[in-house]
Every structure is written in structure tokens, then in C-alpha cells.
Amino acid sequence: MGQNDNGKARILIAERDRSVRELQGVFLTNAGFAVEFADDGQVALDRVRQEPPALLITEILIPKIDGLTLCRLVRNDAALEGMPVIVFSILAAGGRANDAGAAAFLRKPLVESTFLAAINGVMMTMPTGTASAATAVGR
Amino acid sequence: MTTPGTTSITPIVTERRHGTHPPTPESADRLKSGNREADYILGGGFPANSINIVMGHPGSGKTIFAEQLIFDNAGDDRPILYFTTLSEPLAKVVRYLQGFQFFDEAKLGNQVIFEDVGAELAKDGPDALVPLLRRAITTLAPKIIVIDSFKAVHDLAASVADRRRMVYEMTALLSAYGTTAFLLGEYTEEDILVYPEFAVADGIVEMSRRRLGNRDERYFRVYKLRGSRYLEGAHAFRITDAGLDIYPRLVSPQIPEGYEPASERISTGVTGLDAMLDGGVWRGTTTLLAGPSGAGKTTIGLQFALEGARQGEPSLYMNFQENPSQLMRTIRNLGADPDEAQAQGLDLVYASPVELQIDSIIVDMFRRIRQGRVRRLVIDALGDLASAATDPQRLHDYLYALVQHFAVSGITSILNFETIGNTIAGNGMQNAMSYLSDNVLLLTVDGEERTRRALRVLKTRGSAHDTRVREVEISAAGLAVLA
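Chains U and D, in that order, give the protein sequences. Quick note: the first sequence uses this note's numbering, first residue 1, plus one each step. Quick note: the second sequence uses this note's numbering, first residue 1, plus one each step.
To be clear, the hints were calculated from the coordinates, so they are not data collected in a lab. Glycine included, each C-beta is placed from N, C-alpha and C at the ideal position. Check before you lean on any hint, since a few could be wrong.
[Unchecked claim] 35 Å max Cα-Cα, derived DSBU-like pairs, lysine-lysine:
1) D:LYS32 to D:LYS92
2) D:LYS459 to U:LYS108
3) D:LYS123 to D:LYS224
4) U:LYS108 to U:LYS64
5) D:LYS32 to D:LYS224
6) U:LYS108 to D:LYS107
7) U:LYS108 to D:LYS224
8) D:LYS107 to D:LYS123
9) D:LYS107 to D:LYS92
[What the hints assert, rightly or not] Quick list of the computed label-pair ranges, beta carbon to beta carbon:
10) D:ASP124 to U:GLU36: 25 to 35 Å
11) D:ASP124 to U:GLU51: 53 to 63 Å
12) U:GLN42 to D:ALA242: 50 to 60 Å
13) U:ALA92 to D:GLN101: 36 to 46 Å
14) D:SER352 to U:ILE90: 51 to 61 Å
15) U:ALA92 to D:ARG135: 26 to 36 Å
16) U:GLY7 to D:ASP124: 31 to 41 Å
17) D:HIS57 to U:THR69: 44 to 54 Å
18) U:ASP77 to D:LEU193: 44 to 54 Å
19) U:ILE90 to D:LEU193: 27 to 37 Å
20) U:ASP46 to D:ARG135: 44 to 54 Å
21) U:GLU51 to D:VAL94: 46 to 56 Å
[To be verified] Only part of the chain D face toward chain U is listed, based on derived beta-carbon distances under 10 Å:
22) ASN49
23) ASP76
24) ASP77
25) ARG78
26) ILE137
27) THR138
28) ALA141
29) LEU174
Can you build the whole structure from these sequences, using the hints too?
Shown next as C-alpha cells:
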């Protein structure tokens with residue numbers, strides 16, 4: 001679970017802001033991850049259930065299913081138990097992200113160093129069975 | 001609390017362990033400007049991760065302000081990027097930068113990176129800017145980006161639609177990334193309504209310059225600062241080797257809760273005058289002392305200050321006419337030892353109103369008041385202070401704020417004012433000061449064969465003062481009210 005064909009840890013990002021997506025894509029690709037984007041919460045949920053990534057990163061303010069609801073749905077799905085969610089939002093919603101079951105909360109704007117540090121930190125705490133992510137984290 | 005230029009991260013795993021949710025105090029995140037006074041005006045600095053415009057005519061000080069800011073913020077974390085565009089070649093910017101004290105060559109190239117993007121912009125037009133920024137962000141991760149001049153980039157656009165698209169794309173990129181941006185430009189006040197960058201800017205500051213005879217006055221003004229309180233109005237500044245020397249505009253103090261005027265009378269040090277004032281002046285009050293040249297205003301002012309020093313009350317004498325040597329001589333003529341008086345707490349200050357702005361005089365005065373814990377103050381004379389002020393309204397606002405500060409701080413003051421003739425009427429500033437002052441005294445000079453001086457108390461607050469005109473005499477012991 002969570003790897004692409006080249007053995008890279010796959011991260012799914014639910015985000016609509018083009019500039020944020022662009023920068024996330026560059027930073028994560030440079031860090032050795034495979035990145036996939038979803039335009040809204042419903043697409044992200046379908047994709048997660050279809051092919052679980054190593055990590056889901058979601059903005060709260062996304063269409064159809066908001067990021068916090070998406071986080072709760074993932075957390076309540078037993079099949080996705082080992083897959084962490086990071087809420088990365090413009091909103092100051094650390095408490096609500098915590099309540100929704102997020103592994104970490106990051107406040108926008110994006111800064112490469114703290115963004116990667118948070119991702120690596122969350123992936124380090126993943127169960128051993130998801131070592132695919134650790135491969136990339138080691139970069 | 002996050003530091004400026006960093007993404008705020010709340011580690012929820014840790015929160016669970018400790019059961020707390022640290023707030024993300026966005027309002028506390030500030031980027032210092034490198035200038036203490038500017039930060040005071042800005043309510044602590046620029047909001048971190050914001051887009052700001054620094055506007056002003058050529059030579060107004062924009063570039064110096066930005067350079068001071070970047071060198072002060074440069075550190076070992078993330079670099080600062082300074083784009084020069086089509087306004088001034090990079091070599092010229094760096095050449096003059098080296099003359100300032102804040103310049104640090106060791107920071108160049110690693111902590112502060114200057115990049116001339118003029119050639120790319122000239123070749124590809126304004127559309128080249130966003131890719132240049134994106135490249136810089138993904139390769140350098142700058143915590144601050146300065147674009148000097150952004151207006152020059154903007155003016156390359158062929159149409160309004162092109163300008164708006166470029167500004168939109170740049171704003172989207174800069175907002176997505178954790179960086180604080182400064183767009184410098186030779187904008188005018190009218191441009192604020194026309195150029196789209198002003199609508200998206202979080203902060204707008206202006207540097208302006210006004211020619212006054214043989215000297216220039218420069219002003220720093222904040223037009224906009226989203227999510228933050230700031231000190232409104234025009235704040236004078238000078239450009240020095242250390243950068244901008246800004247004098248925040250004096251505003252009326254917040255009246256402290258429970259503030260009560262002092263209920264103690266103090267002696268003026270002038271024989272007979274205390275009796276005319278029903279036992280001296282109330283501490284914390286302001287007295288306007290008006291009269292023509294030679295009437296004895298300076299003498300009364302010095303006696304008042306010397307009396308303060310004798311009583312162990314630090315006293316400040318601000319004068320704009322006599323240099324320190326002349327003033328020492330005048331004090332000796334009053335039978336006092338100037339050195340002893342200064343040792344007791346008398347601070348004699350001479351300032352030339354010809355070369356200074358009222359703002360710098362006031363800032364210096366308050367600095368001395370704070371440092372010397374001043375209890376008595378004399379300004380000799382208001383007319384000279386007025387000549388240092390170019391705007392009558394600004395002068396009035398200053399004087400009002402001064403009187404309020406003195407009252408709240410318990411500083412007892414005498415403000416001398418030279419009249420033309422023996423009347424107080426007919427002068428706008430004098431009328432205003434009469435209204436603002438607690439006490440108003442009028443000195444007159446008459447006589448042909450023998451000079452006859454007289455003193456009259458025109459107004460007091462809270463005193464049953466002597467309403468008669470009383471003759472006064474100046475002798476080696478000073479000025480005295482005759483019995």
C-alpha cells in the first residue's frame with residue numbers, strides 16, 4: 001500500500017489552489033515522493049479507497065466533502081487504519097483537525113522545510129508494515 | 001508562536017499526549033523592519049508572510065528602507081532575495097548600499113542574495129516575473145523577497161488585462177508560499193486607486209519628500225496594514241549613515257484608568273509670583289508665559305527650572321535662541337552656579353530650529369524627559385518651535401499632545417511665547433495655547449525714560465489668582481513681583 005510503480009511513497013493531496021499544488025508538487029517530488037492531486041473531497045475519498053496512498057494531505061476548504069469530514073471518513077474506515085492524514089490549511093484549525101483524527105496539522109502558507117519535516121515526522125510514526133514511506137523519508 | 005517566515009505547525013500527536021492545543025497566534029507574527037521607530041509605527045512590524053508595497057518618488061528612501069530591513073533580518077536560516085528589475089542596475093544599488101552602517105559584506109551571496117532580472121524582463125516582458133519567482137522559491141526558499149522596482153515590471157505590460165493577470169498570478173504564488181514580499185515602486189498617491197497591486201497588498205507604506213526653502217522634509221506614512229493597528233499620519237525622518245532615522249508623530253497619551261490630576265502646588269521660584277497664583281502652580285499643569293521681547297520670560301523660565309533643581313526635581317530647559325555658553329552666562333547673572341545647577345538635575349538644551357524638524361525636537365525632548373525623569377520643563381520659546389513646524393495644524397496637534405503628556409506624567413511646564421507688543425490677542429497659535437494651557441501669564445513692558453515691566457495673571461485653573469496688574473523688577477537676584 002502507498003507506493004507507485006517505482007517504489008516511491010505515494011502522497012495524495014486534496015487541494016484546489018493551483019499555486020499551492022504547484023509548489024507541493026515540486027517540493028515533494030524533489031524529496032523523492034510520488035504525488036497525486038485531487039480537486040475535491042469526494043474525488044480524494046474515492047481515490048483513497050480505490051488505491052490507498054502512504055499519506056493523505058488535505059486542505060479543509062475543498063468542495064463536496066470538506067477536509068475535516070474527509071479526515072473523519074478516512075479515520076472511520078477500518079481498511080484505511082494505517083494511513084495517516086495531515087490537514088494543511090489556511091484556517092487556524094489545529095484543534096478541529098485533532099478532533100477529526102489528523103496525525104498533524106500544518107498552517108499555510110507553505111514553507112518547504114517545515115512541510116517536509118511534518119511529513120517525515122508523521123511517516124516515521126507509521127507502522128513497520130508501511131515501510132514504503134520510510135524509503136522516501138530517508139532521502 | 002511561530003517565527004516570521006515559517007509555516008505554523010501543530011504536532012497533533014504531541015497535543016494528544018499533553019491534552020493541549022497551542023493556539024496559532026497569527027496576529028503576533030511580525031517581521032521586524034530593522035528600524036525600531038518604524039516597527040513602533042507599524043504596531044510591531046510587517047505581518048509575516050504578507051505582500052507589502054513601499055512607494056515613493058525616486059530618492060525618497062524606499063531602497064534604503066528595504067535594504068535596512070533585509071540586512072537586519074538576514075540570518076543563518078533561509079536567505080533573503082532582492083530582485084532588481086528595470087529601475088536601477090544591480091551594480092548601482094550595491095555600490096551605494098556599501099556606504100551604510102547596516103551593510104554587511106559577509107551576508108552577501110548567502111544570507112542576502114541580489115539578483116538582476118532586468119534582462120529577462122526586458123526580453124520576455126512581465127510574464128517572465130512569475131516563473132522567475134517560482135524558480136527562486138523552489139531553489140532558494142527565500143523568507144523575504146524584495147522586487148525593486150515592481151512598478152517598472154508592471155509598466156511593461158501591454159494592456160490592463162495583462163497587468164491584472166500578472167499581478168494575480170504573482171499574488172497567488174506569493175500567498176501560497178511562506179515568504180514576506182516587498183514591492184518597491186515610484187508610485188504616487190493617485191496610483192493607489194489604479195494599480196491592482198494595491199488591492200492585494202497587505203501593507204502599504206509611503207516615503208515622501210517635501211521641499212521647504214533650502215531644506216527638505218521627509219515623511220514616512222502607513223496607508224494600509226491588514227489585521228493590524230498602526231500609528232496613523234506622517235512621521236518625519238532623515239536619511240543617515242545608519243539608515244532611516246524616523247521620528248514617530250507625537251499623539252495624545254492614553255489617559256490611564258484612575259488618573260487624577262496632582263493635588264500639590266509647587267513654587268515657581270519667582271518672588272511674589274507664587275502668591276499671585278494662590279500658592280504656586282499645580283503640579284502637572286502647563287503655564288503659557290507671554291510677553292514681548294525683553295519682558296523677562298527667559299528669566300522667569302530659568303528661575304522656575306533652577307528652583308526645580310534646588311528642590312531635587314530634574315528640570316529640562318529647551319531653548320532655541322541662546323547657545324549653551326550664552327545660557328550659562330545668563331544663569332550666572334541670576335546669581336546661580338550653572339555647574340552646580342546641572343549637578344542638581346538641570347538639563348540645558350539648545351536646538352536650532354533652522355535645521356531641525358519639530359518631530360526631531362519633540363522626540364529628543366521626550367527622550368530627555370524619560371532618561372532624566374524630568375519633573376519641570378521650560379520651552380523657550382514656542383515661536384521658535386513653530387518655525388520648525390511647517391504645518392500649523394501639525395503644530396497645534398503637537399502642542400495639544402504635549403500638554404496632555406505633561407499632565408498625565410505630572411510634569412509641570414512653562415511655555416514661553418513672544419508677543420508683538422503688550423497684548424496676547426490676535427495670534428492664532430497663542431489663542432490656541434491659551435485655551436490648552438492651565439495658566440496664562442502676560443508680561444508687559446512700558447515706559448520711555450525708565451523701563452517698567454508688569455505681570456498679570458490672565459487665567460488659572462483651580463486657583464483664586466490675583467487679578468491685578470503687578471509691577472515686576474529684574475535685578476541680579478532675578479525677576480521679582482513688587483509688593
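Unsatisfied constraints (hint numbers, rising): 2, 11, 20, 23
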